[in-house]
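These are the residues of each chain, in order.
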Amino acid sequence: MPGLEDLYREIILDHYRTPRNRGELPVPPARHAEGHNPLCGDEITVYLDVDGDGDDAIVSDVKVSGQGCSISQSSASMMSAAVKGKSVGEVRGLVRRFKSMMSIDTDGAEQADADISLGDLEALQGVVKFPVRIKCATLAWNTLTEALASSDPD
Amino acid sequence: MSGTNTTTSSTDWAAIRADFPILRREIDGAPIVYLDSGNTSQKPRQVIEAMDDFLRTGYAPINRSAYRLAGWATDRYEGARAAVARLINAPSADEIVFTKNATESMNLIASSWGGANLREGDAVVLTHMEHHANIVPWQMLAERQGIELRWVPLTEDGQLDLADLDQLLDGAKAFSFTAMSNVLGTITPVAELCRRAHDAGALAIVDACQYVPHNVTDVQVWDADLVAFSSHKMVGPSGIGCLWGRMELLDAMPPFIGGGNMIADVRLDGFTTAPVPAKFEAGTPPIVEAIGLGAAVEYLEGIGMAEIRRHEMDLTRYALDTLTERYGDDIRIHGPDNVEVRGGVLSFEFRDIHPHDVSQVLDERNVCVRAGHHCAKPLMRLLGVNATARASLYLYNDRSDVDALADALDGATDIFGL
Ligand SMILES: Cc1ncc(COP(=O)(O)O)c(C=O)c1O
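Sequences listed follow chains A and B, in order. To convert, note that position 99 of the first sequence is 99 in this note's numbering; the numbers rise steadily by one, no gaps. To convert, note that position 382 of the second sequence is 382 in this note's numbering; the numbers rise steadily by one, no gaps.
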């Protein structure tokens, strides 16, 4: 078995202990979505303030609430830090890039998004060696995608 | 009846452990510490060999063909039914219905009995410690037929709070409750609950999924009406479960799934059903699994259910004491402390470390526990948690497994440095 140090990298534990962008945003105007990991009961809600329309709209604020394990919480925290201030188009690219790092097939995302920088998120690479935890790492990202899609802010 | 043997322990528990081949398997050079039997149990070689032997030498259709091989296979299948009846002291083997698992048994009850007997506004009483298998089928029925669900609350230490039971049961048509909680380990006073249900004119339905594998079960002493459990939690194979019910009740219930084997006759304008239990066993049943379940029952009977219960009470006491002595306030174990009213299921919180992370760290020492909501989300909400880690014990566990758990928990502190 790969060592636990591959999974619990210091930066992950840091985001777990001091999560960024915790909280809620008033809905509306914010969009939001709830995600559940049926395996372990983790729950997460992602709130987004999106200014503008289409792919050029800017994610001007993001907040995350909920409870979960170190992997799902740190992934959510890093996700929130990574998407804040980005355009919706950039955020979608980041989601694809992150999922392909998690070995989730995203239809040829590999080439198109290869140059998108993951920054701190690279630390979650070790999760791939613990396949049961991939769902924890991707929970916030799937919820983010749903929040983006819920253009109907209610 | 099995399991009533009360002579002092002469059981060679090390030999029993050695019957389970998987417990000899090593991962990364160290043995498996299997503490997830509340989820599903491991299988002894006697069960594995019975299924293997049947597949090699005895496999044939049951109830359908006239040649000898098919007759023998049918006898073996019916033998398994008789073994299950003996294990729970059912008055007749024909009252044992084979299903896919306890979940299907509960769905059968809600759909068939509930569908035929409950009308809008009728009440069914459940408890706050039920598994989803004893919640969702009733909620589905509530959506279809507008029945009312009432909930028995819990006491501070995780037992049923029966103070208002008579009020809850007043006018109710059924009381469906667990005999042992898969989260808290709590063993409920089943016979008393059946009596109270009957006093109120309600049917007594027991989810005995966690109880039957670990205790002497006597459905007649309970005076229950319908009882559900699963093979895979009692050293038998997955893919087969059981429903026991009083014959006149089963006889009056409409069929659940339609098809072959469950009919007496089919014409273009309708069908008539076969007698119980065939009425509830549509299609080709889990034949090999039934043979395995029969072998599992014989294996448990060979040891004695009372003996197994004693072993687990000892081990549960040891586990409660070891973990609290070692970790004090850093560990919070849910459920009653008195092992007379609890089985070997220990759900715990450890130093604010998320159960999923606890389980991950334990896995590095090959310690297998469950982390999650245990299919009991209403109970988790009541406990104020999203998830717990759960270690659950069975006949093949010994003190070394508990020690391994306690040692491995230290690793969680190292990583999370709390
Ligand atoms: C108390 C209880 N009831 C019902 C079930 C459902 O059993 P199965 O999954 O075998 O259908 C379980 C299994 O976890 C259980 O613990």
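Careful: at least some of the hints might be erroneous.
To be verified - Simulated pairs of lysine-lysine, BS3-like, Cα-Cα distance not exceeding 30 Å:
hint : chain 1 : residue 1 : chain 2 : residue 2
1    : A       : K99       : A       : K84
2    : A       : K86       : A       : K135
3    : A       : K63       : A       : K86
4    : A       : K63       : A       : K99
5    : A       : K99       : B       : K377
6    : A       : K63       : A       : K135
7    : A       : K84       : A       : K129
8    : A       : K135      : A       : K99
9    : A       : K63       : A       : K129
10   : A       : K135      : B       : K100
11   : B       : K377      : A       : K84
12   : B       : K377      : A       : K63
To be verified - Which residues of chain B face chain A? A partial, calculated answer using Cβ under 8 Å:
hint : residue
13   : L55
14   : T322
15   : T324
16   : D357
17   : Q360
18   : E364
19   : A371
20   : G372
21   : H373
22   : L382
23   : G384
24   : N386
Hints were generated in silico from the structure; no laboratory data involved. Note that beta-carbon positions come from the ideal geometry of N, C-alpha and C, so glycine has one too.
Status of each hint after checking the structure:
| no. | hint | verdict |
| --- | --- | --- |
| 1 | A:K99 x A:K84 | holds (18 Å) |
| 2 | A:K86 x A:K135 | holds (24 Å) |
| 3 | A:K63 x A:K86 | holds (14 Å) |
| 4 | A:K63 x A:K99 | holds (21 Å) |
| 5 | A:K99 x B:K377 | holds (29 Å) |
| 6 | A:K63 x A:K135 | holds (20 Å) |
| 7 | A:K84 x A:K129 | holds (28 Å) |
| 8 | A:K135 x A:K99 | holds (11 Å) |
| 9 | A:K63 x A:K129 | holds (29 Å) |
| 10 | A:K135 x B:K100 | holds (28 Å) |
| 11 | B:K377 x A:K84 | violated (33 Å) |
| 12 | B:K377 x A:K63 | holds (26 Å) |
| 13 | L55 | violated (31 Å) |
| 14 | T322 | violated (24 Å) |
| 15 | T324 | violated (24 Å) |
| 16 | D357 | holds (5 Å) |
| 17 | Q360 | holds (7 Å) |
| 18 | E364 | holds (6 Å) |
| 19 | A371 | holds (6 Å) |
| 20 | G372 | holds (4 Å) |
| 21 | H373 | holds (4 Å) |
| 22 | L382 | violated (14 Å) |
| 23 | G384 | violated (11 Å) |
| 24 | N386 | holds (5 Å) |
Going down the numbered hints, you'll see the structure goes against 11, 13, 14, 15, 22 and 23, while the others check out.
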